[in-house]
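Modelling step: build the complete structure from the supplied sequences, incorporating the hints.
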Amino acid sequence: MKASSLLVAGSLSLFMVSPAFAARDYISIVGSSTVYPFSTVVAEKYGKTSGAKTPKIESTGTGGGFKLFCGGVGVDHPDMSNASRAIKASEIKTCADNGVKEIVEVKIGYDGIAIANAKTAAKLSLTRKDIFLALAKEVPDPADATKLIANPYKTWKDVNPTLPANKIEVLGPPPTSGTRDAFVELVMETGADTLEVFKNLKKADAKAHAKAVQTVREDGAYVEAGENDNLIVQKLQSNPNALGIFGFSFLDQNADKVQGSAIEGKLPTYETIADGSYSVSRPLFFYVKKAHVEVIPGIKGYLAEFASDKAWGKDGYLADKGLIAMPDAERKQMAANVAGLKVMEMK
Amino acid sequence: MITQPNLLEPGKDLKKRYRTDRWFQRIGITAITLALAFIALLFYKIITEGYTAFIQTKIMLEVDFSEQTFAKENLAAADYPALVKKSLSELFPEVTGRNDKKLLFGLVSSGAAYKLEEMVSANPKIIGTRQKVWVPAASDVDMLMKNKIDRNAPQENRRLQDNQLAWLDNLHNQGKLEKQFNQTFFTSGDSRDPEMAGILGGVKGTFLTLLITLTLAFPIGVAAAIYLEEFAPQNHWTDFIEVNINNLAAVPSIIFGLLGLAVFINFFGLPRSTSIVGGLVLALMTLPTIIIAGRASLKSVPPSIREAALGVGASKMQTVTHHVLPLAMPGMLTGGIIGMARALGETAPLLMIGMVAFIVDIPGAISDPATLLPVQIYLWADSPERGFTEKTSAAIIMLLAFLMTMNSLAIYLRKRFEIKW
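Keeping their order, the protein sequence lines are chains A and V.
Read in order, the letters of the first sequence are residues 1 to 347 in the working numbering.
Read in order, the letters of the second sequence are residues 1 to 421 in the working numbering.
Since the hints were made in silico from the structure, they are not lab data.
These figures come from a predicted structure and were not determined experimentally.
A hint or two may mislead.
Claimed, not checked - If the Cβ cut is set under 10 Å, some of the chain A residues that face chain V in the computed set are: (1) R24; (2) T49; (3) G63; (4) V73; (5) V75; (6) Y110; (7) D205; (8) H209; (9) N230; (10) Q237; (11) D256; (12) K257; (13) S261; (14) A262; (15) Y270; (16) D315.
Backbone N, C-alpha and C fix where the C-beta goes; we use that ideal spot for every residue, glycine too.
Written out as structure tokens, the structure reads:
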């Protein structure tokens with residue numbers, strides 16, 4: 001009993017000082033782990049050159065970031081949220097319900113998802129249909145294309161006779177990852193919709209269709225390798241037959257160890273992602289709470305640093321880190337939106 | 001008829017018993033050898049990968065701190081990157097094209113400009129002079145010097161171009177490119193450039209957090225142990241409490257993180273990502289360990305000590321504070337240090353309270369955003385840049401060094417103050 005009363009007394013005495021924490025003089029940013037490598041670089045540059053405090057950036061994942069971001073207005077809540085997809089209508093609603101009514105959306109550039117293997121192996125040329133057939137849990141029966149059966153394919157050659165007879169073994173991110181969401185949406189769903197049976201299913205039963213095209217096989221061909229992309233790169237080196245799925249920046253940094261496979265005939269390079277011809281790419285964003293801009297010192301400076309050409313431009317330092325810059329016109333438009341703090345329309 | 005066993009002749013049974021004995025010993029030795037082999041492998045892997053992080057490639061530049069660069073009053077407003085670029089251009093006057101210049105300037109870290117700024121603000125008298133300065137090289141150059149980039153690979157497969165290699169060789173031959181002790185690693189906070197990243201932020205955050213954990217958990221834990229062991233009546237209530245303390249000690253640490261998020265951040269409104277919240281959460285986590293260790297060491301004090309003290313007229317309180325507690329203290333300290341060592345290695349609960357974050361500024365107070373050494377390791381392990389691989393291993397070496405120091409301290413304290421009965 002004495003112990004618990006001591007604990008209560010001890011904690012109470014500590015909380016007496018809590019009003020001193022009321023003001024916050026640094027920016028707090030949460031959100032996507034894909035945007036994290038870019039926003040941290042900007043934050044560090046901003047902190048070092050402006051003399052202001054360096055923003056604090058947490059990598060919580062896109063969904064987790066919006067949950068915190070939409071928690072409310074005030075110093076207890078983050079000022080910005082990074083996202084590897086656009087904000088959903090349901091998230092905008094949560095935000096509005098909690099008093100976050102004015103949000104500025106900033107698109108920062110594009111990111112490609114590479115499907116790569118070790119340099120020691122042959123370079124592959126895949127289509128999204130191949131990847132879908134290799135990785136989906138249920139695929140059309142080769143004998144009767146209108147029926148779905150459990151995925152029977154063991155090697156890439158089974159999927160497509162032009163591919164090598166290597167065992168299908170793909171290392172990729174787990175379902176909690178934004179990269180996985182993007183991979184499923186950009187590769188699996190589009191791959192599935194080239195097949196007649198899924199087109200019909202989509203018309204008949206949209207829910208069943210979504211489930212069928214989004215479910216990745218669980219018989220060991222797809223290995224969830226965790227959120228650590230460096231680990232995937234290392235595993236690919238020791239296993240030349242395996243393929244790995246990760247962000248373009250990791251391919252860019254490890255070009256001497258791994259090579260990207262061509263998708264629909266296009267290799268993942270800075271140029272093909274920028275002009276949109278490499279199909280597996282997605283826009284990246286961050287969102288700013290307008291109500292915080294005047295309250296938390298440094299937000300304007302950080303935004304100006306991010307929206308400058310030396311940061312997100314074609315030759316900017318973010319491009320060196322693997323961010324694919326937006327086309328000139330789009331970038332100019334975005335920079336104007338940032339400068340004017342153009343608020344998103346609340347649907 | 002009863003057959004008497006012949007005690008002088010060894011029976012079949014004895015041989016078998018000896019054999020099982022030997023087998024048991026062999027299994028034990030194998031288990032220990034395996035464990036040691038794995039530890040050796042771990043240390044070998046981490047040390048061979050990480051030791052290179054303690055040295056860093058630097059480039060010597062001759063910088064002209066000319067007066068017109070510093071014409072303005074504000075020293076911080078001077079264009080330091082331009083100073084670095086100018087001295088590089090002086091070294092290689094033949095490099096002219098825009099692209100080539102960009103490649104040339106890429107050899108030096110962006111930290112070079114900060115280094116010059118630091119020099120000027122520390123000693124403004126150097127304005128108007130020419131100084132030889134060792135500035136950090138870019139991470140790719142560093143990796144090349146440490147043989148972690150294969151220079152014989154085709155140009156498109158490595159991050160340094162052929163002409164960059166030629167410039168570097170040139171610098172190397174002039175003695176202007178060498179590997180030096182990496183001071184930055186110990187004096188700076190996190191950075192997204194591997195050559196600028198250091199562990200001081202993590203170490204300081206760890207220190208502040210563990211300080212809070214220790215000042216909270218140790219006194220409370222010891223008090224709880226004394227009460228439960230010496231004063232509390234033996235009834236269902238105390239049994240219930242004991243069971244719960246033992247359960248708490250086995251609860252996965254992430255649960256404490258969730259508790260911290262719900263109670264300290266959401267209810268009491270303490271700021272996220274700060275050492276104070278981290279310290280509170282880790283204190284809750286280590287409390288059961290300290291209570292259990294404390295009770296065990298109190299139990300090991302012989303009852304005769306208590307009886308003797310009570311017999312000469314000491315009160316219950318005096319018996320405990322004058323006799324029992326001093327004898328039990330070494331065991332309690334050991335428990336406390338082992339609890340702290342466990343807290344030092346935690347990342348899971350910190351994830352929930354926002355301490356897994358990119359924090360550049362070195363925390364100065366318990367209310368500043370801070371991160372911990374294990375979190376720093378986790379963040380670096382996840383970074384795409386090649387240079388962070390060795391930094392990760394080096395940070396692990398530092399963490400292991402801290403853990404070993406703490407555990408040795410625990411052993412020393414036990415040996416020093418232990419009383420054998």
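Checking each numbered hint in turn, tell me which of them this model violates, lowest number first. 3, 4, 6, 7, 8, 10, 13, 14, 15
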